[in-house]
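*Asks:* Work out the full structure: start from the sequences and follow the hints.
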Amino acid sequence: MRDVAIIATAQTKHVRAATATNEVEMIQPVIQEVIERSGVGRHDFDFTCSGSSDYLAGQPFSFVMTLDAVAAWPPISESHVEMDGAWALYEAWVKIQTGHADTALVYSYGKSSPGDLPLVLSRMTDPYYEAPLWPTSIDIAALQARAAIQAGVTSEQAMADIAYRSRSSAAANPFAQLQNSAQPSALMDEEYLADPLRKHDCAPITDGGVAIVLAAGDKARALCSRPAWIRGIDHRADGHHLNLRDLTTSPSVSIAAEKAGVANGPIEVAELHTCFTHHEPILRAALGLGDDVEVNPSGGPLAANPMMAAGLLRMVEVANRIHSGEVSRGVAHATGGHALQHNLVAVLEGEG
Amino acid sequence: MTDTTSNEPAPIELPAGVWSQPEVDMTAVAELGSVEAVQSVRAFASLTYDYTPGLATTRFLRLIQEKRLVGERCEETGKVYLPPRGVSPVSGLPTTEQVELGLDGTVVSFCVVNLDFTGNAQEIPYVSALILVDGADIPIYGLVREIPYNEVQPGLRLKSVWVEDSELTTSFENIKWWAPNGEPDVPSSELADYI
Amino acid sequence: MGAERVAVVGVGQTKYTAVRGDVSLPGLLREATFRALEDAQMTLADIDAIVIGKAPDFFEGIMVPEYSFVEALGAVGKPIFRVHTAGSVSGSTAIVASGLIESGVHERVLTIGWEMQSCSEAMWALSFNMPFQQQLVAGAGGYFAPYIRQYIARSKAPDDTGVLVALKDRQNALKNPYAHLHEHDISYDSVKESLMLWDPIRYSETCPSSDGAIALVLTNEAGGDAAAAEGRPPAWVHGTSFRSEPAMAAGRDQVSPQAGRDCAADVFRQAGITNPREQIDVAEIYVPFSWYEPMWLENLGFAEEGTGWQLTHDGVTAMDGDLPVNCSGGVLSTNPIGASGMIRFGEAALQVRGMAGDHQIDGARTALGHAYGGAAQFYAMWVVGADKP
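Chains as they are written, first to last, in our numbering: chain D, 1 to 352; chain Z, 353 to 547; chain P, 548 to 936.
A hint or two may mislead.
Covered stretches of chain Z, going by a simulated chain P footprint (3 or more residues, C-beta under 8 Å) [said to hold, decoys possible]:
| hint | region |
| --- | --- |
| 1 | 396 to 405 |
| 2 | 429 to 438 |
| 3 | 452 to 465 |
| 4 | 479 to 486 |
| 5 | 490 to 499 |
Which stretches of chain P does chain Z cover? Using the computed rule of at least three CB atoms under 8 Å from a CB of chain Z, they are [stated by the list, open to error]:
| hint | region |
| --- | --- |
| 6 | 688 to 700 |
| 7 | 800 to 813 |
These are computed hints drawn from the structure, not numbers from a lab.
Note that the coordinates shown come from a computational prediction; the quantities given were computed from them, not determined experimentally.
C-beta: ideal position from N, C-alpha, C; glycine also.
*Replies:* Dropping the structure here:
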């Protein structure tokens with residue numbers, strides 16, 4: 001495999017509703033910023049890949065308009081995934097592995113504000129047995145949280161602690177949507193949204209986007225003083241039907257973690273795509289992370305959750321800490337579907 | 353697109369492949385044997401979205417309400433975009449300079465439509481044209497009326513026909529259609545770069 | 548091409564039709580998948596990863612529908628990947644799948660393109676009535692017809708060029724049992740006299756709206772060699788390419804878009820093709836409106852600018868011509884949008900494998916699969932050959 005690294009990142013300030021800008025106006029400054037940071041010429045990327053969702057945007061072919069922001073003229077080698085941008089990064093990484101590209105621009109974005117997000121996400125279920133019931137994303141997550149609590153994987157108190165810790169950490173993240181939190185004891189006094197989930201257990205609804213530049217080998221070294229090398233990356237799916245799954249574990253994360261080589265060295269930081277507080281203990285266990293591993297120092301999705309970008313944002317956060325020299329080895333996780341159905345795991349390392 | 357079912361069975365048999373489902377033994381539930389297979393499930397779905405027009409489109413729509421057409425210029429190429437969408441697709445950079453355009457334009461190309469796609473009882477056939485608005489560098493689509501359909505040609509000069517002033521809103525629908533303005537045709541050589 | 552050679556060892560298609568009321572959505576994908584696996588002499592257990600493409604989710608009214616197919620496709624614990632690049636999507640999808648092998652990441656990849664357009668009103672799913680945006684007053688054909696008119700003006704092509712293309716493709720479809728339209732009574736006159744929907748596009752010169760799926764099984768060199776050793780000829784991938792350009796850029800030529808030219812040049816360079824007219828034996832080109840055959844022949848470099856129509860009139864693109872185009876019947880006979888690109892890619896593979904049945908071109912060794920989408924702005928192509936690259 002070729003050595004491939006994240007050499008530059010950028011993200012929007014994440015907000016509840018970007019009501020002034022449309023998708024292309026929202027993501028354009030981020031793309032411009034990451035290109036300038038990377039040192040790669042605007043028209044010099046060998047490959048471009050993006051991730052977004054028509055259902056989120058509420059219009060078909062919604063990605064076509066945002067192509068304006070990457071200056072696809074003269075024409076470019078480009079593709080798009082109807083998934084989180086973490087999978088766009090995966091496609092770009094594969095493209096570099098084929099030898100057809102040495103550099104790639106990856107971006108993703110989501111405006112959840114136009115629709116009623118939990119209802120929109122109810123459309124992401126089996127059309128025969130589940131979708132007609134309109135189960136919201138929160139309903140499904142609550143079923144999983146209940147199972148996890150009953151199995152002793154977590155508790156409502158532990159979940160409140162995770163919410164508190166994540167949003168307290170986000171106080172140091174200028175891009176976060178939610179910063180700071182009431183004490184866990186106060187959180188526990190709140191009403192349930194869907195028993196056993198309270199509002200603090202749920203990631204916020206967010207508009208935002210992120211962008212990353214990848215480069216291979218010497219090109220990465222030439223353009224970045226401390227590249228964040230992708231040492232391993234893999235993604236796997238679990239089944240869809242909730243009644244056929246053990247919701248208290250995530251076998252697909254464990255497979256992806258093994259393939260990505262998470263256990264091949266110490267993990268100093270983990271950025272996990274925890275859309276709900278109970279995802280953290282499930283993911284910690286599936287990834288084999290010790291209790292000493294710092295999770296989501298950025299605040300994670302509980303502090304900013306731009307759909308279709310929150311997974312790629314995990315890579316950004318780990319890469320930023322490697323770029324700065326703060327850590328040498330970290331793991332980034334992205335998820336898609338309900339109840340952690342589809343999972344991607346990447347191990348990033350700094351050199352030396 | 354047309355929607356046509358095959359009128360005859362295929363003359364050639366499909367190859368014998370593995371069918372998507374194995375035979376299911378239903379003898380254990382005898383009464384299922386005579387049940388008709390479900391062929392379709394109809395599930396109504398409705399979602400409501402509040403769309404954001406964006407900065408450039410907002411600027412454009414505010415002015416179209418004043419019966420003005422205002423495009424925006426790509427700083428890098430100097431080309432004027434109508435309608436403006438906020439970003440120049442050639443430079444990838446924001447368009448910020450607004451450019452007041454004319455209310456007349458020129459047919460670049462067109463087609464004659466024999467089905468009512470507008471849903472509001474246009475006369476059939478009608479002409480849908482690519483129209484280069486004076487001052488813009490990219491054509492927009494528009495209806496051409498007040499001229500026999502078979503007399504429309506590239507180069508035909510047009511004026512925009514608007515709704516009554518009292519009916520002006522922040523919408524493209526302010527322009528009802530386009531009609532000949534009587535000026536001489538533009539030579540096709542001058543239109544070559546706009547299609 | 549990169550490190551690892553890629554072979555197509557399995558092709559499976561559903562019967563395409565307006566309404567596939569007899570299968571569920573996952574059943575549709577399984578039908579194509581199991582036929583491809585049987586062709587490849589594999590089972591789902593042999594598959595390392597699945598790459599799926601389809602057009603907008605609004606067609607079926609399900610967000611990322613692939614997630615609910617994971618069990619049906621035997622994908623639990625495996626990578627499943629979803630591509631969406633407008634009409635070119637399942638061509639792009641096959642290229643993404645090919646890349647997974649070429650890169651050495653996986654050895655055996657299943658890739659599927661599908662659409663169940665009968666689930667919803669296709670016109671609705673393609674273009675909502677979006678506020679703030681200008682409405683198309685003439686439907687999808689109304690978008691492309693002015694560009695076709697411009698092509699006719701530039702090239703001085705005879706008026707009936709589109710009629711000849713539609714007649715050829717629909718007659719070719721009679722030789723393809725999977726094709727949606729089997730119009731046994733079609734004639735030059737019946738096409739010419741069909742309703743002029745968007746002058747210059749007639750009803751019989753437009754694609755249908757279809758349900759269907761296609762699946763391909765791709766392997767690495769060892770897998771291709773093994774299939775060949777057992778007498779199951781693989782199609783070797785000689786080149787793959789994507790190109791995209793903006794929908795609305797001032798100065799963009801929508802009659803012969805630069806992205807299409809660049810994509811063709813790239814894929815031919817990879818495949819070592821310097822004279823496509825001579826070196827390509829058969830082509831499956833994405834032609835949803837008949838006039839796009841001559842337009843793409845020029846855009847792809849098979850003909851000089853302004854002369855593509857001559858190939859159609861001279862019978863060059865007919866089954867017995869020296870550059871047969873769309874022997875399967877093409878998009879004009881079968882159009883499940885999210886599968887149409889991969890059908891082109893799969894039919895190209897069938898031709899060089901000698902497995903195209905009654906629409907086989909004898910001795911086809913090198914074939915082009917082509918897909919495009921959006922406002923004629925997204926392109927995906929591959930060249931496959933009977934010989935190893």
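*Asks:* Compare the structure with the hints numbered earlier in the document and write down the numbers of the violated ones, lowest to highest.
*Replies:* Going through the list in order, the structure violates no hint and respects every one.
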